[in-house]
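Chemist: Chains G and A are the protein sequences, given in the same order. All the letters of the first sequence, read from the start, carry residue numbers 689 to 1048 under this note's numbering. All the letters of the second sequence, read from the start, carry residue numbers 689 to 1048 under this note's numbering.
Where hints are given, some of them may not hold.
The list cannot tell twin chains apart, which means a pair is met if one copy fits it or any two copies do.
Stated by the list, open to error - Derived DSS-like pairs: lysine-lysine, alpha-carbon spacing no greater than 25 Å straight-line:
no., residue 1, residue 2
1, K888, K1013
2, K1013, K711
3, K964, K712
4, K711, K1009
5, K709, K888
Derived by calculation from the structure, the hints in this document are not laboratory data. Every value quoted in this text rests on a predicted model; they were computed, and no experiment measured them.
Number of protein chains: 2
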Amino acid sequence: MAELFNGLKSYGSNNFLKELKGKKPFFVCVIATTATSRIPDISGAGATSELMEYTPAGDVELIAWGELRCCEIPPQTVVDGDSAPTPAMLTKAVLELTDAPYLVVNAGSRINPDIPYIKLADGKYGEDIRTGKALKNPKKIFEEAKLISGELSKNNDYLVIGESIPGGTTTALGVLTALGYDADFKVSGSKPFNPHNLKKEVVMEGLTNANLLDGIGNIGKIDPFEAISAVGDPMIPAVAGMVFGATVPVILAGGTQMVAVTSFIKAIDSNFDFSKICIGTTSFVANDESSDLFNILSQVDDIDVHVVNPNFEKSSNDGLKNYLKGFVKEGVGAGGAMLMALLLGYSIEEIRDKVEELCD
Amino acid sequence: MAELFNGLKSYGSNNFLKELKGKKPFFVCVIATTATSRIPDISGAGATSELMEYTPAGDVELIAWGELRCCEIPPQTVVDGDSAPTPAMLTKAVLELTDAPYLVVNAGSRINPDIPYIKLADGKYGEDIRTGKALKNPKKIFEEAKLISGELSKNNDYLVIGESIPGGTTTALGVLTALGYDADFKVSGSKPFNPHNLKKEVVMEGLTNANLLDGIGNIGKIDPFEAISAVGDPMIPAVAGMVFGATVPVILAGGTQMVAVTSFIKAIDSNFDFSKICIGTTSFVANDESSDLFNILSQVDDIDVHVVNPNFEKSSNDGLKNYLKGFVKEGVGAGGAMLMALLLGYSIEEIRDKVEELCD
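Could you put together the complete structure from these sequences and hints?
Modeler: This is how it looks when you write it as structure tokens:
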């Protein structure tokens, strides 16, 4: 179909975007951690395994202050001595360019950022999902998130909700699998080599320990909050709660983790009207041959996907060029944030220039 | 001068209000506690001395959920067996009536509310100001609050900022005195009998222990953050930070505690343009013969005051009628919230009816 903007490729109707063009957005970044990210080689959302849980805090510190406070080494993906900067830089570039308002929601993190944030529930981070006991009270996170987005909906025209949670595609795989979807070898990852077998082993161990193996292949069998409690993370009920509480359209800014959010939403309300939400993501996720967002999403429902390509092949920054090799791909709402900038009238070139300026 | 609304009395120019009429507000309630409120008889912002520190949490739980979660006994002022409900009921009535968006900012409380809130700095509550060491890091609270109001200013036309902090008029007296103002016997209080001598003794002990006695009568002598660190509370730097960070007009919703905020603002920036802010308060504070908001405020600067009278003499609720006898007077932004409702087109009768409906 005809694209609304240069740099954008839309799957599904464009009506949603036409409605939001030039309107007032509010950007929310939901951060969280689970001990799952400590499993060696499972995630690339941090320079080392030990630094993984500093990534969400570091990401939002970079956005808020332009500098790190929780640690010294910036969030980044490192493979064989090569590295790519955190997608927080893309999001920060958009927020600076557009002057769109934002807040950070902390759904539960081991390392709390040194910025002001909205604290949800008890702020407890998730456990290793191999235990089958990842979260104590996802319902409370969900209810509190609902309240927040209800308030933020009042004077804003739409919400853009991103996430930063290392190991988040593994917990996404856990929730999708528990809820009956076939997501094996389909979730994304932050490194060029996607450790699908490891992710699946971790999820199976968790489902076994939680006695939830009957969820496999059986949509509607497992209670959604039970699935989150067993093998989920704090981000999923937070973002889903915000979707239920919102009275304005919502752009889910992310890749396959946001697909897990839609599966959770569908499990809570099988008649949910998905025309009021869409997924905004990057071309790095959409074009990734080691994952399949569209396949999983189509199992959930008919949900629009809008893909932004910042054309980093035109960039002079080597770190950004590594995105083209499968480093990072998405996170901190980068794709949805760029979509928001397009909706606010900025060109993809202006966005890329601003990202480069910040990264250089 | 001619009043803009029935139930409102304005001191200063009406231009500010004319500009905001019908515009989009965002309401913020800043909560905090200090151990000062445990001093027997110093505050009436709670049923007993022990319950005092539960009042801010209880207030915002009532607003968010319509029920208490942190404790069982609702915040209220009790004198000789007679009682008046917390002003949170007035604020809740306005928020329900107008559907205006709000968030709670927790600047540092001993009892954290069981709601989602914006956490500032380390969340540490204030000590007893008699120690002269009330707060460790008011500058951090101030800087983080600035960031929050900067974001909330972007898609809203003005901010209304209230507070809930028991013993807050005593810490207000502390800060005003340290900064050189004559506020003796002039700050408000939540009970019909205002314990001015006790408040003064507490403040003098704190100033002595902090070696700040040279502030008395000497405006500009003491560093404002030093004054807060010695004898202030977490609310004052939070609200002041929000004023500095805001790029839209601000209504300071409160009585003499908000005057202390203006004195702190003036001490930070002697050229601050006070025409972009005003104080919105209740007739119970403005008409109180045991305190003098106008006198202290005039020492600070030329700042508009807008006084709302909900005419509780027309109410059938005995608790609300006790406001006329000097119970409560103000808090949780009640006066400024009612002003916001007037600006949004609601009549003082509609506001009072809604308050009665909630209290009955």
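Chemist: For each hint, tell me whether it holds in the structure or not.
Modeler: For each hint, the structure was consulted:
For the homomeric pair K888 and K1013, the shortest alpha-carbon distance inside one copy (24 Å) is at most 25 Å, but the shortest distance between copies (68 Å) is not. Within a single copy, K1013 and K711 get their C-alpha atoms no closer than 34 Å, and across copies no closer than 49 Å, so neither meets the 25 Å cut-off. Taking CA atoms no more than 25 Å apart as the test, K964 paired with K712 passes in both settings, with 16 Å inside one copy and 24 Å between copies. In the homo-oligomer, the alpha carbons of K711 and K1009 never lie at most 25 Å apart, since the shortest distance is 32 Å inside one protomer and 46 Å across protomers.
When the C-alpha separation of K709 and K888 is checked against a cutoff of 25 Å, the pair qualifies neither within a copy, at 40 Å, nor between copies, at 58 Å.
Violated hints, in rising order: 2, 4, 5; the structure is consistent with all others.
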